[in-house]
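A.B. asks: Each chain, written out:
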Amino acid sequence: MSKLYTFLKYFFITFWTVFVVAPFLWAVSTSFKDFQSVNSKVTYIPWLDFEPTLEGWRVLIKSPAKGGVDIVEPYFNSIFVTCTASLISIFLGTLAAYALSRFTFKAGFVRNNDITFFFISQRIMPPIVLSIPFFIFLSTIGLLDSLLGLVVVYIVLLMPIAVWIMVDFFNRVPKELDETALIDGCNPYQAFYKVVLPNSIPGLIVAGMFCIIFGWIDFFFAFILTFTEVQLLPVKVVALNSSITPWWSLSASALVSVAPLIIVAFIVERYLSKGNLSGALK
Amino acid sequence: MNFKHKFVFLFPGLFVLIGILIFPIIFTIRLSLSGWNSYTPEMNFIGITNYIRLFTDDPRFWESFFRLSFLSVTTVILQYVIGFALAMMVWREIKFKRFFRVIFLVPMMTTPVIMTVIWRTFFHESLGPVNDLLGGLGVKPILWLSDPVIAKFTVIIVEVWQWTPFMFLLLLAGLLSLPKEPFLAAAIDGASPFRKFVYVTFPLMAPISIGAIIIRLIEASKIMDTVFVLTSGGPGTATETSSFYIYIKGLREFQMGYAATLSFTYLVIMIISLTIIAKVLTKLMIKE
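For the record, the sequence lines run as chains A and B. Residues 1 to 282 (the numbering used here) are what the first sequence spells out, left to right. Residues 1001 to 1288 (the numbering used here) are what the second sequence spells out, left to right.
Don't read these hints as lab results, they were simulated from the structure. Hints are all accurate, no fakes.
Cross-link-like lysine-lysine pairs, in silico, DSS-like; alpha carbons within 27 angstroms at most:
(1) B:Lys-1095 to B:Lys-1180
(2) A:Lys-3 to B:Lys-1095
(3) B:Lys-1006 to A:Lys-106
(4) A:Lys-194 to A:Lys-274
Not the full set, but computed from the structure, chain B residues with beta-carbon under 7 angstroms of chain A:
(5) Leu-1017
(6) Phe-1027
(7) Thr-1028
(8) Arg-1101
(9) Ile-1103
(10) Leu-1105
(11) Val-1106
(12) Met-1109
(13) Thr-1110
(14) Thr-1111
(15) Val-1113
(16) Thr-1121
(17) Met-1224
(18) Asp-1225
(19) Tyr-1247
(20) Gly-1250
The beta carbon of each residue, even a glycine, is placed where N, CA and C say it ideally should be.
The following block holds chain A by itself, in its conformation from the complex (with noise of 0.2 angstroms):
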């Protein structure tokens, strides 16, 4: 019994290792090929199969005029939306959470937990109903196809997270905490950013970490609201994905644009196992 469990568990995972794998070494493999090896068939190891080239490497970084995709300006613009948005959002949610987690609201039926679900609530939002409205209200004030427009849209999509994440870690931050900053003769805003905001560094984090992946990872608002001035990376990419697709390219520039989250990974794992981010995500 106990084998057969052991045997069973090894085996699914290492079928989803696999699963979850392929993809990337699919994409490393067809970065190096050429026109040759993509189209007469189906091939996989460099230099058995086929002899790999850097091409598809080195279009990213030519300019467009030299038949290049010029990866780097999208990259850039999307780093800086990412962390601007980001920033403000865990700003600004941070202290409604922190109000959420330790006064009392009441106005009228409303209470601190209809609040707080307003603030998460704005996740079921599909992202289609407001690309319509926020395309008329970003041209009506000159900020469509602008770094500007895209963080105001981003902070919609990313402060809920931040709300969601702090509300939770704030409720596990013991209250006596405050008290006694208070009672030492700090006032509130000395009390929050000299006592509780050091002790919440994990969740901070967390919901800082979970900011970024929300907003590098968006791609249908970008697409909506920017044309040629500003391009986002998933826009770049998606747009080499046209009829005649050269797959050395679009592979070389899909890594390049997915590598830098993957570092992540590894910080939300050393979190979850120093037990962190149980405390946060629940």
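Position chain B relative to chain A; hints supplied.
C.D. replies: Structure of chain B alone, referenced to chain A:
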């Protein structure tokens, strides 16, 4: 504590969120009562004509909605079962535990559209590795993207690959936070692993499971990126979801007024059905 400080903490975030959202929502409702399209791009008032059209004369929207329900419920169930299984397996000590945990987390860190571009080449019917490897086993080429039924399963496979890690993360974080005593008690009673799971682990995990399932359902109900790149809703309308249909009506055919009607109806249906699902799940999973 002083009365007004709490507002200083809450209001910046609350008002920024409301400030950004209030216009789109009011605008959508107003737009849904207009006949804005590419011929008459203006905010006229045509009453509930659009809503009558939606409820009496648009089977394509309702088909896309049922397709969306099918796709999101199926993917979330699969993600839950697989995610729970994976979390159970790397919960306790096994070899290379941390390595496997990282591997299982990686897909959710990758951009769905970009990975879908890779999946498209992966499932390519003549040049992709899947059909080639299956061909080596003597299986005939499978029409992963151009068969109406199989295309749905391709979408499901990609979605499961992408988002099982999220379920895995929430459930593993939950497992790691469980108290030790109930497991000790079960061990003293000599419970088998199976009984331990049914009577101890699963009930303790029920609240976390419900939370995880609802979060994933909310996110899955927005399936769009994958479909957009993988099949563009095709073949025909076989993988078209509500979001994608609204996108076609609004931003390809420029029937803005009607698209707003669809959006608003869709949003109301989503809120109602997710509330019901949350209530039912809570009833089903937490007994006593």
